[in-house]
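Chains as they are written, first to last, in the working numbering: chain E, 1 to 149; chain R, 1 to 149; chain D, 1 to 406; chain U, 1 to 406.
In case anyone wonders, no lab produced these hints; they're calculated from the structure.
Please note that the accuracy of each hint is not assured.
[Said to hold, decoys possible] Result set (DSS-like, lysine-lysine): computed pairs, CA atoms no more than 25 Å apart in a straight line:
hint	chain 1	residue 1	chain 2	residue 2
1	U	K400	U	K22
2	D	K111	R	K144
3	E	K117	E	K81
4	E	K112	E	K81
5	E	K79	E	K144
6	R	K81	R	K144
7	D	K111	D	K314
8	D	K314	D	K400
9	U	K245	E	K144
10	U	K400	U	K314
11	E	K117	D	K400
12	U	K263	D	K111
13	U	K314	R	K117
14	E	K117	E	K144
15	U	K263	U	K245
16	E	K81	E	K144
17	D	K400	D	K22
18	R	K117	U	K22
19	U	K111	U	K314
20	D	K245	D	K263
21	R	K112	R	K79
22	E	K79	E	K117
23	R	K79	R	K117
24	R	K81	R	K112
25	U	K111	D	K263
26	U	K111	D	K111
27	E	K144	U	K263
28	R	K117	R	K81
29	E	K117	D	K111
30	R	K144	R	K79
31	D	K263	R	K144
For reference, the chains in residue letters:
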Amino acid sequence: MGASDDLYQQVILDHNRRPRNFRPMATPTHVCPGRNPLCGDHVNIYLEVRGERIEDVSFEGSGCAISKASSSMMTEAVKGKTVAEARQLFSEFRAMLMGELDTGRVPHGLGKLTIFKGVREYSSRIKCAGLAWHALVGALDSQKQISTE
Amino acid sequence: MGASDDLYQQVILDHNRRPRNFRPMATPTHVCPGRNPLCGDHVNIYLEVRGERIEDVSFEGSGCAISKASSSMMTEAVKGKTVAEARQLFSEFRAMLMGELDTGRVPHGLGKLTIFKGVREYSSRIKCAGLAWHALVGALDSQKQISTE
Amino acid sequence: MSFDALTLRQRFPVLSRRVRGKEFVYLDNAATTHKPDVVIEALRRFYAEEYATVHRGVYFLSEQATHAYEQVRVKAARFLGAARPEEIVFVRGTTEALNLVAYSWGGTFLKRGDTVLVSAMEHHSNIVPWQLVCERSGARLEVIPMSDRGELMMEEFERQLTSSVKIVAVTQLSNALGTLNPVREICALARRAGAVSVVDGAQGAPHLAVDVREMGCDFYACSGHKMYGPSGIGLLYGRHELLEKMPPWQGGGDMIDSVRFEKTEYAAPPRRFEAGTPAIAPVIGLGATLDFLASFDRVAAEAHERQLLEETEKRLRAVQGLRIIGTARRKAGAVSFVMENAHPHDIAAVADEEGVALRAGHHCAQPVMARFGVPATARASFAIYNTVADVEALVAALHKVNRIFS
Amino acid sequence: MSFDALTLRQRFPVLSRRVRGKEFVYLDNAATTHKPDVVIEALRRFYAEEYATVHRGVYFLSEQATHAYEQVRVKAARFLGAARPEEIVFVRGTTEALNLVAYSWGGTFLKRGDTVLVSAMEHHSNIVPWQLVCERSGARLEVIPMSDRGELMMEEFERQLTSSVKIVAVTQLSNALGTLNPVREICALARRAGAVSVVDGAQGAPHLAVDVREMGCDFYACSGHKMYGPSGIGLLYGRHELLEKMPPWQGGGDMIDSVRFEKTEYAAPPRRFEAGTPAIAPVIGLGATLDFLASFDRVAAEAHERQLLEETEKRLRAVQGLRIIGTARRKAGAVSFVMENAHPHDIAAVADEEGVALRAGHHCAQPVMARFGVPATARASFAIYNTVADVEALVAALHKVNRIFS
Ligand SMILES: Cc1ncc(COP(=O)(O)O)c(C=O)c1O
Ligand SMILES: Cc1ncc(COP(=O)(O)O)c(C=O)c1O
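Okay, chain E solo, but in the shape it has when bound:
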């Protein structure tokens, strides 16, 4: 499979074209800007957490298709989840990107996020796919900003 089949599947292209939850949030409880200094991509993640639950999540920013689609699908995936569940998803997503989680054999909760599995063949793009997730965790940890490096 070539990059366009592997990386740029229809779902990704669709989220790139019409990103979900792509908006600033007026009164977030958590926020974290993330950036990838090597390519100039940046994303702001906004969260509204009540108790243990992520009631709302949105993002803003500029980046490549992978980064945008990943941000968009991340917001869909974690909305309504508990903080602990979101963190668990993050580690599974990260492990998948690093080639440490064989999604075909080990049980996991990634669902359609496995579409990003192909990214691990393109090491320079791993940061693009991971950016929003790192910023999510940065927001939960109340970090001022994160930078994938």
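Based on these hints, arrange chains R, D and U with the ligands on the given structure of chain E.
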């Protein structure tokens, strides 16, 4: 020919063992310390110049056989010469070391100093053979010190 | 001496390989160039038959190596048009060269109230060292602006060139925009104003015949790896008069006359600036590189690259939604662009799948990106071995980008 | 894993050549070592088949090169016993590593009234950078004395280790004397006194198994070219906690997070300290070197070198008029000596004629020469590939020296 035949001819070994004019001078008109920073050799050249003539010349210092013999033979060669003659000898000696003077074909005044001709095959030793001569010219030019580098 | 890109191309082993199942099309030459067989072989031979350290050995191999090493300095002086070999300092690359000048000249002579002028199109390597020395010295960093085409605004430069300006640091050729700057004029104006001129030749040296005396610069920096030479070696040219006044930067072996704990005396330039065991084999490899560069007609090579760039720009303009960033009247070496529907990263990823190596990003010139209001660009950059076939492969890849993303 | 010097020797192409008509006997390993076939071939292959820049490319070859490059960092961390790869900074060599620490740590944290302690047996590379930073900061340089045997005087060191001492910089193994220093003890004392310890491992890393955490040092520096690796690459280990607090030294590409003319933000270590395009191919070659070093039994190699040194010293003592300089109880790697009738230069010249490469001079350790009252010494230094036959050739050459000069 090997190094010991080529570099260490009897004349050189003799001057190394019993250097001529190897003494400090009480009231020199010119003096210049020369050193080769890479090997720690150093030599002091003392001159007594009256009018245009080098009435006396001597040296002190520590160095390898080539450097010592060259110092010794330099003092013998320039004693009694005029400053201009000594400078002329310096340029001929230098040219010989640099391979720019073919002593077999071009007339010159080097006499037995041509014994140092073989040094030019050993580029790291050219500085040893030239040190005293550079210090001589340094003294004539009233330099504070010279360093072959 | 002649020039034929297709013949020269055969000399570069990497270029005949396949990548992702496709013929390899290398268009990231502004980042680094590939190496001809003669350079690779010179390195192999040196390590396998002649290796030794330099400047100290009293033995045969070391004497030979020292001679070979210093001969490269002579060649480098000739290559850059320096007055003498002692004006050439071996460094790791352009970045180290510029840091050396900033630390040693800047660190010594810059005072509070002085100004360092850099241009708006500099590579980070010609910005950050000056920021660092300005911070230490209290000098001010000012920026020569550029137009929307990506050309330096020369009238504005002349206005900025007051008596407080001590250093003018500009690039000969922009890696992000391909703009050729009027460095000769800039150096002349700087000198007239009493400022020292520093020319970043990282991109200039691979593409243009350089003559530092004709250019009138005080310092010139370039990288071997960007002009078909080995990794880890570059050149700093400095006018001897200036080098002589500069204190050492790094301390260590080989840069001293004598060391005592109480007092150390430094060697004359260039030795003063080459502390420690140098990158000996890369220097030897650079020698082979300079011979290689002298083996073909560089004027014809320049013309070839110019035609290629023009051809590329013409074809790019015909690609739907593509916009060229940097439209200076005098350009060389590289073309930057963005596309309406695809981020530069995605452009490069699709191109890679087609075997075409492009750069996407800020090209270590973030202020240029900011100036043009783009987060990044895609960039195609050329070398003597590129041909129209490479341009065709590029354009085909860009059409594929449009097919995927729109 | 086993070790056999004669077998390993076959792997070094240079060693089979002839010099001045004689078999080549290389005993200047403390200056630099020769390279095994695997290292030469790794460099060739990288340039001919895999060359690309690192850290930025979105294309296949650059991704591969970046991976290979960062894998060498992982190997280097393992080789030195670092806690993590981010504690390894790629530098040109020991000299650059020590300058980096002096400029960045020293330049930031040294104040007037502070003391930097170096030992009396340091190489110029571990003296001059400290002199330079002391000059700038107003700190004082003090010297740990050594005995007539060439051993550090540890009681004196403990007395010198007052609260004003901020840095203790010592060599693990002296290149001029062959003395092995008790670095573990020195680092422990330094840490207890609140000082940062800097170990010069230029000679240590080639001869001894190194574990920086076991040693307890804060910084450790070594050169690839002295341990069978390529020219132009070395390692700086720094404890992560310290590296994180240090400002960048050189500015340029790759060491930044963001650059604006108003403000630049720096990347995390080690990237912060690697400005500009690195010496990519030398790093790749160093990777092959580390694999090579892991391919034989290093404990057995150490024992082999120790036997060789003992054998050499025994035979040298039997040479008329020869005096060994440096008679520490724990030695490795090198033996320095002088002869009554011949200057070290003449010794080396005669040896060269016999095909034996020796070093003569101050070995970039002029204070050591001054301490022992000699202008220079001759030095034989060893590597894994030396054998008793080399020692025999050396001794024969020294007898010839005596025949000529007495
Ligand atoms: C003890 C010691 N320290 C430092 C150095 C400097 O190493 P390099 O010249 O590779 O920077 C050397 C070798 O020259 C050395 O022997
Ligand atoms: C214009 C310009 N200046 C400086 C540099 C830095 O060169 P290097 O990374 O070889 O030090 C580069 C290339 O990266 C460049 O394109």
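> Which earlier hints can't be squared with this structure?
Replying inline: 2, 7, 13, 14, 19, 29
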